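All the letters of the sequence shown, read from the start, carry residue numbers -16 to 433 under the working numbering.
Honestly, the hints are just simulated from the structure, not real lab data.
As the structure is a prediction and not an experimental result, all values here were calculated from the model.
Cβ atoms here follow ideal geometry from the backbone N, Cα and C, with glycine treated the same way.
Careful, some of the hints might be misleading.
Claimed, not checked - Now the in silico label distances, taken between C-beta atoms and shown as ranges:
1. Val287 to Gln433: 36 to 42 Å
2. Ala154 to Gly51: 27 to 33 Å
3. Val134 to Ser20: 29 to 35 Å
4. Ala368 to Thr13: 54 to 60 Å
5. Ala239 to Val405: 54 to 60 Å
6. His5 to Ala387: 53 to 59 Å
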Amino acid sequence: MIATRVLLATLLSACVGAGAAHFTIAPGGTVTVPGGSLALGCADLAVQGTMSLGASQVTGAGTVSIAGGGSLDAGSSSITVGGNWANAGTFAAGTGAVVFADGCTSAPATFTGTTAFRNLSLTSATGRGFVLPVGALVSVSGALSLTGTAVQPLQVTSATPGQAANLVMGAAGTISRSFASFASGAAIDATAFPRLANISTRMQVLTGNDVLIGGFIIGGTESKTVVVRARGPSLVPFGVANAVANPRMDLFSGQAVIASSDDWGGNANAAAVQASGFAPSSALESAILTTLAPGAYTAVVSGVGNVTGVGIIEVFEVDKPEAPLANISTRGQVLTGGDVMIGGFIIQGSAPKTVVVRARGPSLVPFGIANALQDPVLQLFAGQAVIASNDDWQAQAVPGDVAAIQASGFAPADTREAVIRVTLQPGAYTAIVTGKNGGVGVGIVEVFAQ
-16 MIATRVLLAT
-6 LLSACVGAGA
4 AHFTIAPGGT
14 VTVPGGSLAL
24 GCADLAVQGT
34 MSLGASQVTG
44 AGTVSIAGGG
54 SLDAGSSSIT
64 VGGNWANAGT
74 FAAGTGAVVF
84 ADGCTSAPAT
94 FTGTTAFRNL
104 SLTSATGRGF
114 VLPVGALVSV
124 SGALSLTGTA
134 VQPLQVTSAT
144 PGQAANLVMG
154 AAGTISRSFA
164 SFASGAAIDA
174 TAFPRLANIS
184 TRMQVLTGND
194 VLIGGFIIGG
204 TESKTVVVRA
214 RGPSLVPFGV
224 ANAVANPRMD
234 LFSGQAVIAS
244 SDDWGGNANA
254 AAVQASGFAP
264 SSALESAILT
274 TLAPGAYTAV
284 VSGVGNVTGV
294 GIIEVFEVDK
304 PEAPLANIST
314 RGQVLTGGDV
324 MIGGFIIQGS
334 APKTVVVRAR
344 GPSLVPFGIA
354 NALQDPVLQL
364 FAGQAVIASN
374 DDWQAQAVPG
384 DVAAIQASGF
394 APADTREAVI
404 RVTLQPGAYT
414 AIVTGKNGGV
424 GVGIVEVFAQ
């Protein structure tokens, strides 16, 4: 039976090579290609019956169409497409890949119908366009690769300009993108990605070297729009009597100030801050809405006129979940009572996320921080419940965590510092840093996404 199937595929391939415009599997027909290759020479592949590709390589397909009642089982195959993709039947993606490439036509490649791909690659060195159907009909559960060139970038657009056409990523998906853009309503929907979406730290805003310093990293390869916020007065209704009365904020890239804010309503883009949904409730608070390239940034919060008190620094994602907030690290005074260091973060998406939460103090001394917290203690909360805690990072409650922390690259330089490595469901979490036996000093709390 297998020999017959391979022979059939070989004969059909030969027919295509002789100049046939279509490779059609008629209704009720079955073609199985368990291995080897099927070269279509830019002929269209029309599946009206049943086709199973196994581990084969299909190259040079023109337009691939799956009719209503038709079924294409990709298995672990690779299908190279030079034309369009139309699915009105059943496509079983398996573990295979569909690769759109140049060579058959210069016209845009159009997707129609609903298709769930495992791995999808859109490539063009000629500036070819790709057109998505309106809605959320095309999805990728594995790897998405988008590759154009600097001279002729690839562009993905909506079938109806101005209407949303989303390419939906699964929670375990990955994105590789080079010289590729989305326009006219087309976009990647990566909201299922487990990620750090909102991150914040509350502590004392003092003066000199004891101002509140927050660092964050934007990962991936794409720019990301964020709102960075510094609050004080709006904490008073929540029982923080000693809140910093008038915070101001400077945002740095390296040593350069790239944005500043005192009273957020005075920003040139105050209306955009308001529209983002992250505008502070007090006019005296600060907010910066900006689009940042991947890299490391630092926000410094101080009090106007050297006023001091408890403040919060926050970073919120506004767009592009595929460009993740990779970590936040905040430095400031760790005191006692209500003035301990409190870091909050939210995991969004539809799957768990592993994070490393770290509290440091002693390792700051070589960097000129003489009054560093000598022995930090770290607790991690979900709501009011403590879900993990650590004092000295080499003393872990879970066997194997010390090795996992070392392998992550986030092991502290000093054994007195604290680390928690944990896999968390989507939700809100709080990390509290205190000094052992009431110790005080400058500390850092950090949250790293893995």
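How the hints compare with the structure:
Distance hint check: the CB atoms of Val287 and Gln433 are about 38 Å apart, consistent with the given range 36 to 42 Å. Look at Ala154 against Gly51: about 30 Å separates their beta carbons, and that is inside 27 to 33 Å. Distance hint check: the CB atoms of Val134 and Ser20 are about 32 Å apart, consistent with the given range 29 to 35 Å. Taken as a hint, the range 54 to 60 Å holds for the pair Ala368 and Thr13, whose Cβ atoms sit roughly 57 Å apart.
Checked against the hint of 54 to 60 Å, the pair Ala239 and Val405 fails, with Cβ atoms roughly 36 Å apart. The supplied range of 53 to 59 Å is met by His5 and Ala387, whose beta-carbon atoms lie about 55 Å from each other.
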